[in-house]
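Participant: Chains as they are written, first to last, in the working numbering: chain A, 446 to 550; chain B, -11 to 539; chain C, 24 to 194.
Some hints here could point you the wrong way.
As the list claims (entries may be wrong) - Over 12 Å on every C-beta distance to chain C, these chain B residues come out as not near it, computed from the model:
(1) Ala162
(2) Asp503
(3) Arg512
Unchecked claim - Where chain B lies over chain A, by a calculated footprint (3+ residues, C-beta under 8 Å):
(4) 463 to 474
(5) 482 to 495
(6) 529 to 538
(7) 542 to 548
None of these hints come from the bench; they were simulated from the model.
By construction, the Cβ of each residue, glycine as well, lies at the ideal position given by its N, Cα and C atoms.
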Amino acid sequence: MTSPLEQKKIKITGPSVVTANRTWDGIVVYRTPEQGWSAKLADAAIVRTSDDARALLAESVADDVGAIGAYIAPVEVRDGGAIEPGNLREQIRSAGLTIGLPVQA
Amino acid sequence: MYAYDELDRTLINERVSEFRDQVKRRLSGELTEDEFKMLRLQNGVYLQLHAYMFRVAIPYGTLSSRQLRQLAHVARRYDRGYGHFTTRQNIQFNWIKLAELPDALADLAEVGIHAMQTSGNNTRNVTSDQWAGVAPGEIEDPRIWSEILRQYTTLHPEFSFLPRKFKFAITASAHDRAAIKIHDIGLRLHKNAQGETGFEVMVGGGLGRTPFIAKTIRTFVHGSDLLSYVEAIMRVYNQYGRRDNIYKARIKILVHELGIERFAQEVEEEWQQIRDGALKLDDSVVEEIRSRFTYPAYEKLAHMPDELRKAAHDPHFEAWRRNSVFPHKVTGYAIVTLSLKPVGGPPGDATADQMDALADLADKYSFGEIRVGHEQNLALPHVARRDLPALWKALDKIGLATPNVNLVSDIIACPGLDYCSLANARSIPIAQELTRRFSNHDTANLIGRLHINISGCINACGHHHVGHIGILGVEKNGEEFYQITIGGRADENAQLGSLVGPAVPYAEVADVIEDIVEAYLALRASPDELFVDSVKRLGVEPFRERVYATR
Amino acid sequence: MPLVKNGKISDDAFVHVVDDAPLPPDGAILISAARFLEDPEAISRRLGKTGVVWPNNRDVDDLVPYLDRLAAVALVFPTFRDGRAYSQARLLRERFLYHGELRATGQVLRDQFVFMLRAGFDAFEVRKQADAEVFAQTAKRYSVFYQPTGDGRVTALNRRMQLRHSESAGL
Ligand code: HEM
Ligand code: SF4
């Protein structure tokens, strides 16, 4: 699970999104095509070329009052268009812990 | 307990209002995240995978029932109803909102708790033996000195921007429960021939990517010189510690690169310049701090009260008592360790309800005092032995009477990939699976003392290097793999573990650990030979053969 | 970049002179350590005060022989997190008894003011105008100090001891 800190040169090999944590409360968010943030992966802007990824990231990083720690994350796009996280780290960020919370909400 | 006075309270409140202002500037955009990051880190606020994480200090692991209730309140009001006790006498909340943090801090400040310097490149919470002040045979209460150091290091005008984090630990017992040898500065309190209190000072311990056991820099520093000596070490480090590479910035690397003799000489030269200055601690100053630690008014009680004799017929009680109850320096009293490692649970977590219930039990049975240890367990430090049966029943009801202290399922684990943004692999589910595999108490007792430590990456927050069995999460082609070491230990004979074999995938970790334990049972010289001692006697090879022969 | 001196935004009496620029014949100058050490005698003969910008990775010991002829020493914070100059400042003030202007330069932000004051700085090249404007309030943010430094603020320990004495004297 390569840490986003090591994501120096941007080169994507498949469909990707930009994800970050919302500044005021820290929840996981995704950059939308409308230049906003959404808590739903389904709302995310999908990029498929490294140039687009760079542009989307630059725009996202600039909005650091909205969200922080933005980075590019791989996703898988299913046949019906559904978006799914591309690795375990992103799976955990989007779906939550793989363990039960000590206190169930 | 140490009682904060008006000055301590004022400082904490001033800190809260400073942080409130910083958060406000951040949320309005006046501060960028880059600028704010250092500021939030100095208040224990990290960004994790799902949310901000907030780390609160429990200096030298001592809590009052009132403070514990306030931690429960913060868990409930600002978080999701639980907290995670760490290996460094801190508690972490995993879901805190930045916008609400100043309020949470203000609530904690009401009971004299803060989050100053619980992360960032400054001096962290000064930790100590969780049995300080109650352990039999202790030379004196090390918390007096921890408190002196806590004050000295808090918002230090020279050392708040060190090359890297800086951790102190103190013990005053022959058996080191504070893991002082894996700290930047480890202090062992002892007396010289004249009967004066002083410290063996060790420096340069630490885990992470390049683990080192601390080396002794001076065998005796007089108590009155403690602060000047520490200042000399920190000044040398502040000026010469590496700042070009975060992985080489800890003092352990400076000590290693200069060699302990050169380093000691630099410190000595600096110390000679300042030892008779303003940092000299008069006895009266030490007494002033000492006088604000209050101790319970113990009664004269029998060592073997009737209540205990009667309860001895209950095998469940006896199993718990033998496992979790430890001798106290006062006859008729005991120290009770509360396992935060229930079968199938995440190590170190406690719910707000448990915290509240425990605070009540502490009021009833332990003079209102609770301790937090580095094994991610809690303790009640002053329980009358006649109360043990009643306490046990009450603890069992709230899930805090698992009799697995120091046994194979008493696992230390970092948050790992379930929470942590630096993780390679998950830690908690591995720990949970292991507690299930070893849930049989008789088997666990047969195995005896065995510490398993799990870290989700090389930063080693779970102290895997010094676990009797250490499990380290690594990544291989996007999959979770784990390296397993054996033979480490964190006590006075601190030692780094050695690798048993190639890394194994997630699904096989528990099997491998079971095989290692079986190998030990077959190989040990006698039932009294602990796992670590078998590894020491036999080396890694026989374990490797048995565990990896069929893999 | 505003300069804060004596607790408020002030005109800078010193001119920063870069290494290859000619030195003005008079007036107060701030020059690099390297330039100063090349020929300290010549520079000291100039009319006008001399200040030196001292890097944070060189021992201040090398500057000590010249302290009595310097009107200012500027110490450098290349980043917020690089705290070496705090040690240099304390050494200059407390060990080498330097009494001239001690200036903080570089990444100097509001949230360091108290630390810097305590370490002995008395002049600040503040990065942001807004921070410079709130200097006086920010400097008063803390009223309790745990460590003795050369700035003379009374430490919490000492205040407690005084309290004890007055209590035991029945005052
Ligand atoms: C959850 C967010 C956490 C983050 C981002 C984090 C990060 C780190 C990092 C980067 C290091 C290595 C520092 C170095 O060697 O310079 C470290 C070390 C350490 N962490 Fe954490 N940690 C986290 C949680 C925890 C927890 C939950 C615990 C306790 C259970 C913990 C205890 C420690 C300890 C004891 C070390 C010391 C190892 C040493 O001194 O070298 N950390 N942490
Ligand atoms: S060891 Fe690694 S994974 Fe575990 S908490 Fe520390 S940084 Fe995170």
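Participant: Regarding the assertion that Asp503 of chain B does not contact chain C, is the least Cβ-Cβ distance greater than 12 Å?
Facilitator: For Asp503 of chain B, whose nearest Cβ neighbour in chain C is about 46 Å away, the distance exceeds 12 Å, so it holds.
Participant: Just to make sure I understand the rule, a stretch counts as covered if three or more of its residues have a C-beta closer than 8 Å to a C-beta of the chain. Does the segment 542 to 548 of chain A meet that for chain B?
Facilitator: Satisfied; 6 residues make the cut.
Participant: Within the segment 482 to 495 of chain A, is the number of residues with a Cβ closer than 8 Å to a Cβ of chain B three or more?
Facilitator: violated (count 0)
Participant: Please settle this one: Ala162 of chain B was flagged as non-interface, so is its CB more than 12 Å from every CB on chain C?
Facilitator: 31 Å, holds
Participant: At a Cβ distance under 8 Å, does chain B reach at least three residues of the segment 463 to 474 of chain A?
Facilitator: The restraint on the segment 463 to 474 of chain A holds, since 7 of its residues have a Cβ under 8 Å from chain B and three suffice.
Participant: Cut-off 8 Å, C-beta pairs, minimum 3 residues; does the coverage of the segment 529 to 538 of chain A by chain B stand?
Facilitator: Answer holds; 5 residues pass the 8 Å Cβ test.
Participant: Find the nearest Cβ of chain C to the Cβ of Arg512 of chain B and say whether that gap is larger than 12 Å.
Facilitator: Nearest chain C Cβ is 50 Å from Arg512 of chain B, so the label holds.
The structure fails to meet hint 5 from the earlier list, while all remaining hints are met.
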